[in-house]
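K.L.:
If you want the building blocks of each chain, they are given just below.
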Amino acid sequence: MRRASAGFWLTAGTLLSSQLAIATATAQSGDLLKMQANAADVVMPTMTYDNQRYSTLDQITAQNVGKLQVAWTFSTGVLRGHEGAPLVIGNVMYVHAPFPNTVFALDLDHDGKILWKYEPKQDPNVIPVMCCDTVNRGLAYADGKLFLHQADTTLAAIDAKTGKVVWSVKTGDPGKGETGTGAPMIVKDKVYVGVSGGEFGVRGWVTAYSVADGKQIWRAWSEGTDSDLLVDPQKTTELGKPIGADSSLKTWQGDQWKIGGGATWGWYSYDPALNLIYYGSGNPSTWNPKQRPGDNKWSMTIFARDADTGMAKWVYQMTPHDQWDYDGVNEMILADQQINGQTVPTLVHFDRNGLGYTLNRATGELLVAAKYDPAVNWTTGVDMNKGSPNYGRPNVVGKYAPGVAGEDVNSQGICPAALGSKDEQPAAYSPDTKLFYVPTNHVCMDYEPFRVSYTAGQPYVGATLSMYPPSGETNMGNFIAWDATTGKIVWSDPEQFSVWSGALATKGGVVFYGTLEGYLKAVDAKTGKELYKFKTPSGIIGNVVTYEHGGKQYVAVLSGVGGWAGIGLAAGLTDPHDGLGAVGGYAALNNYTALGGTLTVFSLPSN
Amino acid sequence: MQRVRRVAIATVAAVIVSMGAYAVTDGSGDPSAVKSDDGKWMDKNDVPTFKVEPDGTVDWYSYVGFTRYSSECLRCHGPDGMGSTYAPALMESMKRLSYTDFYAVVAGGKQDVSASQGLVMPANGENKNVMCFIDAMYVYLRARADDAIGRGRPQKHAPKPEAFTKAEDECMG
Chain F
0 MRRASAGFWL TAGTLLSSQL AIATATAQSG DLLKMQANAA DVVMPTMTYD
50 NQRYSTLDQI TAQNVGKLQV AWTFSTGVLR GHEGAPLVIG NVMYVHAPFP
100 NTVFALDLDH DGKILWKYEP KQDPNVIPVM CCDTVNRGLA YADGKLFLHQ
150 ADTTLAAIDA KTGKVVWSVK TGDPGKGETG TGAPMIVKDK VYVGVSGGEF
200 GVRGWVTAYS VADGKQIWRA WSEGTDSDLL VDPQKTTELG KPIGADSSLK
250 TWQGDQWKIG GGATWGWYSY DPALNLIYYG SGNPSTWNPK QRPGDNKWSM
300 TIFARDADTG MAKWVYQMTP HDQWDYDGVN EMILADQQIN GQTVPTLVHF
350 DRNGLGYTLN RATGELLVAA KYDPAVNWTT GVDMNKGSPN YGRPNVVGKY
400 APGVAGEDVN SQGICPAALG SKDEQPAAYS PDTKLFYVPT NHVCMDYEPF
450 RVSYTAGQPY VGATLSMYPP SGETNMGNFI AWDATTGKIV WSDPEQFSVW
500 SGALATKGGV VFYGTLEGYL KAVDAKTGKE LYKFKTPSGI IGNVVTYEHG
550 GKQYVAVLSG VGGWAGIGLA AGLTDPHDGL GAVGGYAALN NYTALGGTLT
600 VFSLPSN
Chain S
0 MQRVRRVAIA TVAAVIVSMG AYAVTDGSGD PSAVKSDDGK WMDKNDVPTF
50 KVEPDGTVDW YSYVGFTRYS SECLRCHGPD GMGSTYAPAL MESMKRLSYT
100 DFYAVVAGGK QDVSASQGLV MPANGENKNV MCFIDAMYVY LRARADDAIG
150 RGRPQKHAPK PEAFTKAEDE CMG
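So the protein sequences, as listed, match chains F and S.
Using numbering that gives the first Met the number 0, you'd call the opening residue of the first sequence number 0 and step up by one each time.
Using numbering that gives the first Met the number 0, you'd call the opening residue of the second sequence number 0 and step up by one each time.
Any given hint might turn out to be false.
Unchecked claim - In silico lysine to aspartate or glutamate, EDC-like type, Cα no more than 16 Å apart, as pairs:
1. F:214 x F:307
2. S:159 x F:407
3. S:155 x F:407
As the list claims (entries may be wrong) - Which stretches of chain S does chain F cover? Using the computed rule of at least three CB atoms under 8 Å from a CB of chain F, they are:
4. 32 to 46
5. 63 to 75
6. 91 to 98
7. 139 to 148
Keep in mind the hints are simulated off the structure, nothing from the lab.
Positions of the beta carbon are idealized from the N, C-alpha and C atoms, including for glycine.
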């Protein structure tokens, strides 16, 4: 049914384009619910609202994926790190690039001919206030418009037909270190955007703007008063209990919360039945924990908010009083799973802190919290005893807690490193295998906090860290399959470098991901066995997507190395505890790949 | 095997260091330390420089330079001055840049913006976390350029001089 109607829209073509435009413009963005379920298109950066990154397309299978070949390629002309993935709507693909945030509309009927190009003029002074490369995680679509949150925090609504700006609004102030890197999400008549700048002492927020005209509807802060947080002290809960009044302010000393971090640059998800949106907040600021005693709420927190009002239904702080930079921004994957014989509406989240969480997404009840990398050592696990005063909190190992050792002391051998057991690169879930496919980092660190002073718009970090693989190991990443009902690794494929690409699961029984050397890899969803690989022009930190055009299934990925991975791994890692520093002991990424943004599109041969 | 090689390297390194002569010169010329003002070493032209003892102990400022570099510069320039996909390797740049060149770029910033990439170094003149430690950062990177200090955290360092504590407190406020 859905496929047939999509086919109609596709074949409507140019003749009906004016009628189509009118129909699209007048429709409510409730259409997105239908559009995201159409596997032929990629209408949102997370592919679907549930963030499963699963496609029902099944022409490419475990049996034939070995024959995959490059169908066509496209250079973005930008050298910086390319995160995110293109959108595909009907016969047009929309490709975004890092700063200067170029957007291309490509005609899929004519080998990717450029229909239009959008390139905003932005003050280059925003570049140095972007932590860790000038990445952008992509576009959102609704009502005939594309939505782009530019580096300088301009939210632009762009006419999908012409590339002309319909409206734009400034969401933040780069002069204070606020920048735009995340992809927007759209639900009904609202477009939600978050902010980057945890290393510049920003105070995080998520803001809803009107899809129609860019008017701000609400803003929910990560820290501050109850009204700023958009919480109800009695009705908003954490682990089933009301959070109470002043839940954030009570957990900070003085005014530190005003520069307290909690950025919101990750992927957002939405449950239409519950009408809740989900996202995580990032590290508290500074990285020196001594300068911010307390739990630092609500940094490092999973938020479930009403999609219309923004009011928080429940929250869960994963890493109270962070001492490691374990941002909580990673994606929230919504999947209904069988737990103890019952179907539970779960939310699954692979946190930077190395724990994989499974919660009931309706209530916020914590069901599973388990290490998804055996190397994780800063915690012995989460207190799951509901009667305990520490219920839901991680048991911190003092030896690996820089805040315990104090300022100017180098805490050694902490796993994972600040980049986390997983960073923003999203995992995938297959309802066929009931497994989550998780791209992971396998890296540890030394962490030394020290005093820093705050100046608006200047880095506000306050820690020195060095990174290296876990003792005795040389692989810096793994691609794993995870059972989120039990919290167990099912299989694990070692990778030389951190896996920094978003995964894709398909009904064809194939799971795709990219590597930092630049390989697109296809593995068997059941066993993890490698079935295909191809080396793209540069390292992959983008997310793999699949779409259908002209009755044929395609797989697409952006390559273009960069981001935190490119900064941390370019020169290779050394183990400071290994003799003379073992120069070259671990592979240097810049021996494998160089800069450059390219889209590579794959398909099976015609015969 | 590995162990034997390391010992050999250590011996060679120790010999070079103990000879006190650096074959290379950097953007400020001969980096040999000739005098110290309470643990802060200068070369013959009164330019701040590093001092590495035969046993590998580095002067306090080089050590602080490592920690502050890692806090303020690593995020773009990569670990240990080695460069990244985002910004140049400063251990290479320091082979060209004099002390005054270095100071000017750190304080005033630099822009090289093209269609394919924007290389923008921020002006740090108002940033206490940088400017209060600029000499320490300089001597650390100078030592990296001259291969006097290897990758990673220096394992042994001279004690913190009183003059440093006083200057840090005054500068950081």
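K.L.:
Could you work out which earlier hints the structure fails to respect and list their numbers in ascending sequence?
P.N.:
4, 6 and 7
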